Amino acid sequence: NAGVMQNPRHLVRRRGQEARLRCSPMKGHSHVYWYRQLPEEGLKFMVYLQKENIIDESGMPKERFSAEFPKEGPSILRIQQVVRGDSAAYFCASSPPGLIEDTQYFGPGTRLTVL
Amino acid sequence: ELKVEQNPLFLSMQEGKNYTIYCNYSTTSDRLYWYRQDPGKSLESLFVLLSNGAVKQEGRLMASLDTKARLSTLHITAAVHDLSATYFCAVDIGEYGNKLVFGAGTILRVKS
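Chains as they are written, first to last, in the working numbering: chain E, 1 to 115; chain S, 116 to 227.
For the record, the hints were derived by calculation from the structure and aren't laboratory data.
Honestly, I wouldn't trust all of these hints.
[Unchecked claim] No farther apart than 27 angstroms at their CA atoms in a straight line, the calculated lysine-lysine pairs in the BS3-like style are these: (1) E:Lys62 x E:Lys51; (2) E:Lys27 x S:Lys118; (3) S:Lys132 x S:Lys214; (4) S:Lys132 x E:Lys44; (5) E:Lys44 x S:Lys183; (6) E:Lys62 x S:Lys214; (7) E:Lys51 x S:Lys214; (8) E:Lys62 x S:Lys118.
[To be verified] So the derived label-pair ranges between C-beta atoms look like this: (9) S:Ala219 x E:Ser30: 29 to 35 angstroms; (10) S:Thr192 x E:Gln81: 49 to 55 angstroms; (11) S:Ala219 x E:Glu63: 36 to 42 angstroms; (12) S:Leu186 x E:Pro39: 23 to 29 angstroms; (13) S:Glu120 x E:Gln50: 30 to 36 angstroms; (14) E:Ser87 x S:Glu130: 34 to 40 angstroms; (15) E:Ile76 x S:Pro154: 23 to 29 angstroms; (16) S:Lys132 x E:Thr113: 34 to 40 angstroms; (17) E:Ser30 x S:Lys118: 29 to 35 angstroms; (18) E:Thr113 x S:Asp181: 38 to 44 angstroms; (19) E:Glu41 x S:Asp181: 23 to 29 angstroms.
These figures come from a predicted structure and were not determined experimentally.
Ideal Cβ placement from N, Cα and C applies to all residues, glycine included.
Hey, can you work out the whole structure from these sequences and the hints?
Okay, here's the thing in structure tokens:
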């Protein structure tokens, strides 16, 4: 059973460009979460999605950031007009349906560098 | 705003010694998780603690949860070099479950 997959693993963008980060959850998992980790810090919750629904986006910046989890295909975290402060590691996690107590399984992360 | 505080933030210890990492949090929750992260890597789930008094052990690590004190501990017994990593606790505060608030992490270095 493949784990959570993220791509790309490393992404370099210039200020003002768009960044698209992809996440494929573990097989059988229908819940997806995105977190951001700044250097030397813990992870910060961004958004929680189920298929075609955003359940909780309380951690998403109000502008430039959006997330989706379509019926088919991976979850996408999109950052428009990136700025240097967006440089961070972005982790996706997934969990199976039903059990809210189950742990989240994390992907390898995408390390975004904004020049 | 929920705060999750870990201490110490950095721990250097000799092989064979014991030590405890503490995780305090500021709101009611009975779901707490411990993760390990190696440099440049993702997070690996260590323990899921779901009730007051829960205690779980895996190898040289043991985790416990006291929901009344809002405190979890991660105890390391007879440390070995392979335990060197960053350890995070995370508290679940989501209305729907699974909205994790992480502590800042404890960097553990085990010296041989």
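Which hint numbers does the structure go against, in order from smallest to largest?
Checked against the structure, the hints that fail are numbers 2, 3, 4 and 11, while the rest are satisfied.
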